[in-house]
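Sequences and hints are given; from them, build the entire structure.
At position 71 of the sequence shown (counting the first as 1) the number is 157 in my numbering, and the numbers step up by one without a gap.
Check before you lean on any hint, since a few could be wrong.
As the list claims (entries may be wrong) - Below 25 Å or equal to it, Euclidean Cα-Cα: the simulated PhoX-like pairs (lysine-lysine) are:
1. Lys190 / Lys200
2. Lys237 / Lys171
3. Lys139 / Lys171
4. Lys139 / Lys200
5. Lys237 / Lys189
6. Lys200 / Lys237
7. Lys200 / Lys171
8. Lys189 / Lys200
As the list claims (entries may be wrong) - Distance ranges between label pairs, derived from CB positions:
9. Gly152 / Ile223: 24 to 34 Å
10. Met146 / Leu198: 17 to 27 Å
11. Tyr175 / Lys139: 18 to 28 Å
12. Thr225 / Gln149: 33 to 43 Å
13. Thr225 / Met146: 16 to 26 Å
14. Gly152 / Tyr250: 29 to 39 Å
15. Met146 / Asn222: 40 to 50 Å
16. His238 / Asp186: 35 to 45 Å
17. Met146 / Ala230: 32 to 42 Å
18. Gly210 / Ala232: 29 to 39 Å
19. Ala150 / Gly193: 13 to 23 Å
Bear in mind the hints are in silico, worked out from the structure with no lab data behind them.
From a predicted model like this one, the values you see are computed outputs, not experimental measurements.
Think of the CB as a built atom: it goes at the ideal place given N, C-alpha and C, for glycine as much as any other residue.
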Amino acid sequence: IQLNNFAKFAEDQAVLERVRAIKHQNKIEFSNLLYRKTGKLIDTHSLSEGEYKELIELLMALQAAGINTALETNGTSPHLPEIAKHVDYLIMDFKHHDSDELKKYTGVGNELIKQNFEHFCSSGRQLHIRIPLINNINTQSPEAFADYFAKHNTENVVFEFLEYSITLAVSKNEAFSTR
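Dropping the structure here:
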């Protein structure tokens, strides 16, 4: 199952209305970004050149309006370092230490994920790394995760181990398949 990146902005209707007003006021239009059901999710996985710049414009407008921003990402966007400059709290999944194994399950290796992780570690940026524990997929060698992370400055990194939820993975997949 390949999960996409998400930018999560609004937790209640009042904040959502402020976001809509900021988008309108700043003439920010999103042609292909996911903004379904509650309006909480924007797909940043496969943004075009223009769309990721529009996302940055929105993030800047939200921050200028005093709205804190958070980005949940699988770390595969080549634009992530630039986008992250305009994000208050960055959460990045790190699903597997082995690129070939990750590619077998998701269709994408972890080279760009590692590149983005290393960029954020070297910049000193606060980063929240989530490691979903998936039985018989990434739980056999925790030492490999530890060995990789130990090579980098993780003083500003929070690590969280998550129990894998098939229900959540399926619901995310269904949300994106309705595009």
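- Which of the numbered hints are not met once you compare them with the structure shown? Violated hints (numbers, rising): 9, 13, 16, 18, 19; every other hint is consistent with the structure.
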